[in-house]
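Taken in sequence, the protein lines are chains A and B.
So the first sequence is numbered by the numbering used here: it starts at -11 and just counts up by one.
So the second sequence is numbered by the numbering used here: it starts at 251 and just counts up by one.
Derived from the structure by calculation, the hints contain no laboratory data.
Think of the CB as a built atom: it goes at the ideal place given N, C-alpha and C, for glycine as much as any other residue.
Some hints could be false.
Stated by the list, open to error - Computed far set for chain B versus chain A, every beta-carbon distance over 10 Å:
no. : residue
1   : TRP298
2   : MET534
3   : VAL679
Stated by the list, open to error - Partial pick of chain A residues on the chain B-facing surface, computed with a CB cut under 8 Å:
no. : residue
4   : ILE274
5   : VAL366
6   : PRO368
7   : PHE372
8   : VAL383
9   : VAL398
10  : VAL408
11  : LYS410
To be verified - Here are the simulated DSS-like pairs of lysine-lysine, each with C-alpha atoms no more than 30 Å apart in a straight line:
no. : chain 1 : residue 1 : chain 2 : residue 2
12  : A       : LYS430    : A       : LYS410
13  : A       : LYS410    : B       : LYS529
14  : B       : LYS360    : A       : LYS430
15  : A       : LYS418    : B       : LYS418
16  : B       : LYS360    : A       : LYS418
17  : A       : LYS430    : A       : LYS418
18  : A       : LYS410    : B       : LYS418
19  : A       : LYS410    : B       : LYS360
20  : B       : LYS529    : B       : LYS664
21  : B       : LYS418    : B       : LYS360
22  : B       : LYS360    : B       : LYS554
The residues making up each chain are set out below.
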Amino acid sequence: MNWHLLTPECLLVACALLLLAMECFRTTRGAAWLSALALGGVGLASWALWHQRHLVGTASHGMYLFDPLAVALKFLFLATTAVVILLTHAFVSREPRLRGAFYLLILLASVGMQILASAGDLLLVFIALELMTFSFYVMTAYVRTDARSIEAGLKYLILGAVASGFLLFGTSFIYGVTGSTRFAHLHAHLQQQAASPLLLFGGLCVLAGLGFKLSAVPFHWWVPDVYHGAPTPVTAFLAAGSKAAGFAVLMRLMHPLFGPLLDEEWVPLVALAAALTMCYGNLAAIPQTNIKRLLGYSSIGHAGYLLMGMAAMSSEGVSAVVFYLVAYAAMTLLAFAVVIGVSNAVGSEELAAYEGLSTTSPFLAATLFLALLALAGVPPLVGFFGKLWLLLAAVERGLIWLAVVGVVNVVISLYYYLLVVKRMYLMPAKQSTPVAVSLPLKITAYAGIAAILLLGIFQQPLVTFALNATRLL
Amino acid sequence: MSVGVLSVTLLAPLCGVVAILCTPSRATNWIRRIASTATLVSLLCAVWLCTHYDRIIGGFQYLERVAWLPHLGISYSLGIDGINLVLVLLHALCAYTGVLISYAITERVKEYYCFYLLLITGVFGVFLSLDLFFFYFFYEMAVIPMFPLIGIWGSHATPFSKEYATMKLTLYLTAGAVVALIGLLALYHFTGLRTFHLSTLHEYLIHHPLPVATQRWVFACLLVGFGVIAPMWPLHSWSPIGHAAAPSAVSMLHAGVLMKLGSYAIIRLGLTLLPEGAKFWLPMVATLCLFNILYGGWVAMAQKDAKFIIGYSSSSHMGYVLLGIATLTPLGLDGAVLLMFAHGLMTALGFALVGHIYDQTHTRLIHEWGGLGQQVPFVATAFVFMTMASSGLPGFANFVAEVLIFLGAWQQYKLQAMLAVFGVVITAVYMLRMVRTACFGPLNLTWTHLVDARTWFQRWPYLLLISTLLLFGFWPGFLVSTIDRAARPLIAHVTGDDSSSRMVTFEPQDSERSTLNSDL
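Here chain A stands alone, though its shape is the one from the complex:
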């Protein structure tokens, strides 16, 4: 057994257990101390991962895969976790209750994502997804005094349970036909004989279960309410982390496994889902008056762009997806950082609270301006190249109609992002008190701006990273 491959996960779990122990013995600590501890855990895990980044291998008879794709995604998840921990600081300081547990949940969700990145077996996928999602259920409903938070947690729990049901149901069919849930066995089976309808049905159910995590149409209904009701750092984690975790599984399942063998069945289906997801997310975002709902719908739209890369069913497409996942995490975390900053200062997440932000806080306004433009895909920010690569992958697959839908959606999304910019820059401020920005937020924002700007101009490092990740698929 190659247990050493799991070192990053083990370190994270150890850190989580430490937090749990502290919670049990009611050692009251400040939020700064706890977040430093959690960050330390993430740092240790990253350090361990860095040392074994060149390893390729499997553990548990192919149930756990350690390859470049897993390494790349693990780095992405660790970075996302670190940023979320930084962003959580102000929120946890306000909540006197069970502070340690919140960080514990963040770390456990992160462990779930790490394992998903490596999952080589449908059952491991299920377990890891549950680990991640259960942490999210609790985090979403964390503010017991806020009815919206409770409601969001409940909705998420019910719909998440449905998704898990789909996943298990599909897995049972796949197991029934092939006699295994291991990806490698599945692959061997598909190469020997044509896919039976039962297998296809099982695959479809698995895709549906994953669709909930990706927030792809028609499995997106939970997104706006959950994004709206959850504490903002959790929303950011959901958008950047949970979605990427879903795509991690999809990347392993679709292209190498089903891809070359079941092209004709999957490509139109995924392309259609991509088109619908893009259109729905972007169109529904237009009338929103709450920034979290707006970003929630926009995250549905982005799931559509990412699905466009998946629909290409090529290693080019998967590389583009990896690139865009990293870009999207940077852009969306940056946007949420500003949302957190504004809501800390003004106490509101309504768009009306952003009126005249450019005069009360030029820094936050400029940051959000850049983040939204990057999300819209405006050069020289990183979203531009990401979208272009996804479009290119779709066009190379011959899906020109999908590329047309994609570019139309770029215009639609630009419209509602500009509506926010309009409020910030063109409307007068309601009150003139300057908005203070805390230090962790400032660090996050500067790092985020540097990332989306530099990676937008000098795309080469991230392109190499993405190509390297899909090298062995």
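Following the hints, complete the assembly by docking chain B onto the known chain A.
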């Protein structure tokens, strides 16, 4: 890698942005100095390029190429030939004078100049790039700064609010851009070379042309996409509103240069890469552009707001440019590019002058002005120059350009040429009426407080624009021979007719005469 002169031209404004970001926002004078220095560097580079470009060799010169993303065949690749050389000079002039005119901006100076210089960088990038990826990259980069520039520093274009104007402009231009992007991606895909490099694609397509049907729909994408910014009727409706709402320096760049990006892209990408598509669609453009010329002019006649008049006159004049391109004759193309240059300077001058008056009167309705010649003689004189140039009076570069276009059009589309000539009359009507109402007659006593451009520093941008227009009005050969060097091989490539390329001549007057004689 050494930094070439083209990179300096392109990156000087960008360095300006970085420098301004590092300057405290209170130091407005320093910010202005940085901006004017940055654009002056670009202008000097452009002038240097004009004098050093080798007209005998022709083709792309001062090439720079750095592999950017080898995996996708993207390279940072700059080059200059007769066509974009002229446009770079135009843009450098407009950018520099625009920065000087912007000294009137006193609110949020730092942000203003950042956005303005970003816009300038983007436009330089489009003109200089020989890589489709960076072409598009810079194009989008030029469009987006317009949103805050108009939204924050603009003025309401009654009956439309500036918020409406800026949103409409940004969305129209982005929508156009993404339609064009589909065309570009299709080109990338169908050639199968995995390169975005223009010259490589061009050489490949000479020997392996795409199927005619493919060329037609890809060209349609480019035509519609870039036609929005050109602005080709009926896709023009964003432009007069946008011009009217924008602050004067932004209108200058916008009408002066940004609109030329559309026709430039059609020439550079459409004609070069898709000759069959061009042959199929351009006759239709020759008819559509009559709507630009006549309808645009007609609407301009009905306007009362000076910026709307110049705005509609711009879309009317851009109709001539499209007509010139549509002729697919060397004469027409020479005229089109020269008119882009001349019209850019003329319209930049017009917006700058209107801005000067508007900043003090806070109205742009010409019937409320009246008799300004007595109060602000310098500005009024410059205004007269502008109207003369716009009406295509001999002595201004506009005249030469329009004549070349009509000659070219006469060879191909006799009916359209005859109708288009009436555009000149319409232009004269609204321009002369504007100058009469605004500058002559008794002085409206409300405006006795108006201040003229008194110092030489204030007059310098106007003088620079007027003198350039006059210089190339009397000496068009310099520019026309440069343009011609690039236009002839291009037209020969599109029409597949070698005769026009063999007639290489460096004295365009001769070639005009010979074509005229052969016609007669």
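> Which numbered hints does this structure break?
Replying inline: Per hint list: 4, 10, 13 and 22 violated.
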